[in-house]
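Protein chains: 2
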Amino acid sequence: MSLLYDERLDGALPSVDKQQLLTAIRDEIPSLQILHRPAELRPYECDGLAAYRTTPLLVALPENTQQVQALMRLASRLQVPVVARGAGTGLSGGALPLEKGILLVLARLNKILEVNPEAGIARVQPGVRNAAISEAAAPHNMYYAPDPSSQIACSIGGNVAENAGGVHCLKYGLTVHNIMQLQIVTVDGELLTLGSHALDSAGFDLMALFTGSEGMLGIVTEITVKLLTRPQCIKVLLGSYSSVEAAATAVADIIAAGIVPAGLEMMDNMSIRAAEDFIQAGYPVDAAAILLCEIDGVVSDVEDDCQLVEGVMRAAGADDVRVAHDPQERQRFWAGRKNAFPAVGRISPDYYCMDGTIPRRQLSLVLTRIAELSEEYGLRVANVFHAGDGNMHPLILFDANEEGQLEQAEALGGKILELCVQVGGTITGEHGVGREKINQMCVQFSSDELTYFHAVKAAFDADGLLNPGKNIPTLNRCAEFGAMHIHRGQMPFPELERF
Amino acid sequence: MSLLYDERLDGALPSVDKQQLLTAIRDEIPSLQILHRPAELRPYECDGLAAYRTTPLLVALPENTQQVQALMRLASRLQVPVVARGAGTGLSGGALPLEKGILLVLARLNKILEVNPEAGIARVQPGVRNAAISEAAAPHNMYYAPDPSSQIACSIGGNVAENAGGVHCLKYGLTVHNIMQLQIVTVDGELLTLGSHALDSAGFDLMALFTGSEGMLGIVTEITVKLLTRPQCIKVLLGSYSSVEAAATAVADIIAAGIVPAGLEMMDNMSIRAAEDFIQAGYPVDAAAILLCEIDGVVSDVEDDCQLVEGVMRAAGADDVRVAHDPQERQRFWAGRKNAFPAVGRISPDYYCMDGTIPRRQLSLVLTRIAELSEEYGLRVANVFHAGDGNMHPLILFDANEEGQLEQAEALGGKILELCVQVGGTITGEHGVGREKINQMCVQFSSDELTYFHAVKAAFDADGLLNPGKNIPTLNRCAEFGAMHIHRGQMPFPELERF
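Which chain is which? The protein sequence lines are A and B, in order.
Per this note's numbering, residue 248 is the first one in the first sequence, and the count goes up by one each step.
Per this note's numbering, residue 248 is the first one in the second sequence, and the count goes up by one each step.
A few of these clues could be false.
When chains are identical, the list treats them as one kind, so a pair holds in a single copy or across two.
[Claimed, not checked] List time: in silico DSS-like cross-link candidates among lysine-lysine, alpha-carbon distance up to 27 Å:
| hint | residue 1 | residue 2 |
| --- | --- | --- |
| 1 | Lys473 | Lys358 |
| 2 | Lys347 | Lys265 |
| 3 | Lys418 | Lys482 |
| 4 | Lys347 | Lys662 |
| 5 | Lys473 | Lys418 |
| 6 | Lys473 | Lys265 |
| 7 | Lys662 | Lys418 |
| 8 | Lys265 | Lys662 |
| 9 | Lys482 | Lys358 |
| 10 | Lys347 | Lys358 |
FYI, nobody ran anything at the bench for these hints, they're computed from the structure.
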């Protein structure tokens, strides 16, 4: 691998003549809409990780796959890097632009091409909103299962890039488990089909490889998703606990009882209070923790399982267990959980949202350790969990205007992610690596493992033009990061640009 | 990619000095057991696809991961190809040896390293039998879900190589959905960890890429599998139909009703009669088709779902629906299905087992077309299906001693696989590509797609030493096959060596 490749992967890019690039695009793809004036570019300078901002060289807004192919052919020829962007709701900076690169915005590829209830599939373009797929399938009593909290806004293409999860991924799986086929445009502008409409595909599973690859292997231009029949019946239980440990025990016991809830979420007292203040979800504000457990299926099954879950929750020490009496109450219960992040945003000038995954059995240990770290660093931490699958979202509360607090938040965040790796987990759950966690990847993976990541990257994009500097760190970066690590005597957090 | 690579991938290998290789292995890895005499090598000349036979240069039987690493380092240095083999039960010739290569038999890496019921995992070596994992987990009331019909004999390492399915993969997924982490030895003898013990991993999903890669990317030496809690209750329904179409409708209707059976299998009249003669399963021998539907879960759920399924089966036109009254009858129902292949073997001198996957909605169409093809070619076809997920196993009955019948069986088989691709399916379900379907891959995939398969292969094994000539055809092969295709005016089947 050339040094150029290694450097480019790390974001050290050669300069591009903007005017020359603009002229080439206008000559060769006259129908393609391009934004290039500073005021036009401003809205695209960051995604959901707003702490990082870069103005792109220019923004391309293709309206069809042919334009994407033509643009990639041109970018390859001129060796200009390309960052793909969906709705820009990502939380790890995966769509952070490059000042020497094209930002390829797929928002206008927003057609639902086919809804086939008989086959249980929908074929959609990448700019289609996650929730819009379920809306289009609703007349057939079907829906698309993965539901990130941002589902009203986030795009299915971004979901593929990040292998997004959501409240229901415990029972219904991540994005990769709910898609069947991808059409992608390669770095050279070729059109490829990955996967098939059948259960399994021959050859290497490139569809699974592509899913979660954060725009580094190609540009997705069409997705065939699975549609599920809407469950006959949905019930949500809310269990209140006076200790976090008891709630964690209940989580393990529910799973061990052989029940697969549609969702199993946990919130700690700080999150409960913040959500209740914001949304009036009907949460018990004195509880140390609550569990929200959703059961879906045919009516009689759901009723039986609800009784079972209630029994398990009480046996684990629940002070109270309530079942939502009607769809309105059920939606209120979920509204509190789904708005936990903005709710916490109301009680602190700034917060930093973490996203790690741990083995379920380590839940109680990790929560105890986070509480200790919180005290040690003098910063409050609110905990919101996809408890059933061990995906944690600790929110570190701080005030960027207070001297040193951002650094403390960074350091605490690093410690929490390090803790996730120590107990056998990973540094990402569903938000991806992006720009945010590029250094933590050096902790998670050995240089042997990274070498194979690079080899796979090179198989698809030998020149490193697709989203360089994200997701997979270079060995150079890890060598520097390792040195820094030793120097500072603790795992540092990526240098955030200041708010 | 060099021509050497392309040729080697296609099995045209440089000669190896056997004596020199033996001496090198004995010098460098004295503890490694090697078989090299013709009589010792004979048992290893084929796997479950016994129509293809090759005597390997020598057989290595490592007893630990260090020996596998040392052997791969030596093989890489001397540029000797290596074919990995588990229990040798594979049906597509994936473990067919090379006469100029080492057969690396992983059968002695057969330790169960850890069973952790709390975490819901087991850590095992690749030579562990599939069924042995569930046996080891049984004291904890847990089991490993994927259950190929060969589960008594087949090894978990082979299951990973082929991404094996089974009767229960409709509800519980394929091998890739039931493993969490792989330890592999690379072609250079490095040890790598793919995946994690958490729900999702950062970086590219190399574990999914490796699963089903048929020994072409590395040698798996340790597998962490998921264990599930054994369901409280299991029931099996048997529905009898006087038309195949009605049975196919019932399959679609059961899935559409929102029920996820643990298994949903279909057999046609010829399979029913053969199985009944062989096993006395209690099947209705006059039915055109039967459906076997297994429901598992907590007691009350299972009872409710059974009633629902019975209703759907009857509404679709079932002449009769029976529920197995006790575990013995349930096991008899399944025994007929699981022994369908040997049962068909009793009514025909030879049979050829196909393995294709089609979208579920195409079931009825494909069955009708197979019946027409059967008539056209003058050969009987018995149909056994994982109906719920569209994975078909048509068995083509023929007599190799009758002039021309093998060729007819080959041609008919090719037509059936072509049909699978035409209706939007694939040429493999769970048996893999191996040597058997290497030419059909040229029909399934475009040269662009194959180019990316090769690039991924090269990322892991640039010299093409791992299982060359299997799974992924070279572009040369496809060019020749395409020419042959046009020449003969029909899709030819791979030239089988004669029985």
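**OP:** Give the relationship of Lys418 and Lys482 under a CA distance limit of 27 Å: within one copy only, between copies only, both, or neither.
**Re:** This pair counts as both: shortest intra-copy Cα distance 15 Å, inter-copy 22 Å.
Original post:
27 Å Cα cut-off: does Lys662 pair with Lys418 within a copy, between copies, both or neither?
Top reply: Classified as neither; 30 Å inside a copy, 38 Å across copies.
Original post:
Within a copy, between copies, both or neither: where do Lys482 and Lys358 come within 27 Å Cα-Cα?
Top reply: neither (33 Å within a copy, 44 Å between copies)
**OP:** Go through the copies and call it for Lys347 and Lys265: within, between, both or neither, with a Cα cutoff of 27 Å.
**Re:** For Lys347 and Lys265, only the intra-copy Cα distance (9 Å) is at most 27 Å; the inter-copy one is 56 Å.
Original post:
Is it within, between, both, or neither for Lys473 and Lys358, if the alpha carbons may be no more than 27 Å apart?
Top reply: Intra 17 Å, inter 38 Å, cutoff 27 Å: intra-copy only.
**OP:** Evaluate Lys473 and Lys265 at a C-alpha cut-off of 27 Å and name the case that applies: within, between, both or neither.
**Re:** neither (42 Å within a copy, 52 Å between copies)
Original post:
Checking Lys347 and Lys662: alpha-carbon separation at most 27 Å within a copy, between copies, both or neither?
Top reply: For Lys347 and Lys662, neither the intra-copy (33 Å) nor the inter-copy (52 Å) Cα distance is at most 27 Å.
Original post:
From the Cα coordinates, with 27 Å as the cut-off, is the pair Lys473 and Lys418 best called within, between, both, or neither?
Top reply: both (14 Å within a copy, 15 Å between copies)
**OP:** Pop the pair Lys265 and Lys662 into one bin, within, between, both or neither, using alpha-carbon distances up to 27 Å.
**Re:** For Lys265 and Lys662, neither the intra-copy (42 Å) nor the inter-copy (54 Å) Cα distance is at most 27 Å.
**OP:** Evaluate Lys347 and Lys358 at a C-alpha cut-off of 27 Å and name the case that applies: within, between, both or neither.
**Re:** The answer is neither: 30 Å in one copy and 54 Å across copies each exceed 27 Å.
In summary, the numbered hints that this structure violates are 4, 6, 7, 8, 9, 10.
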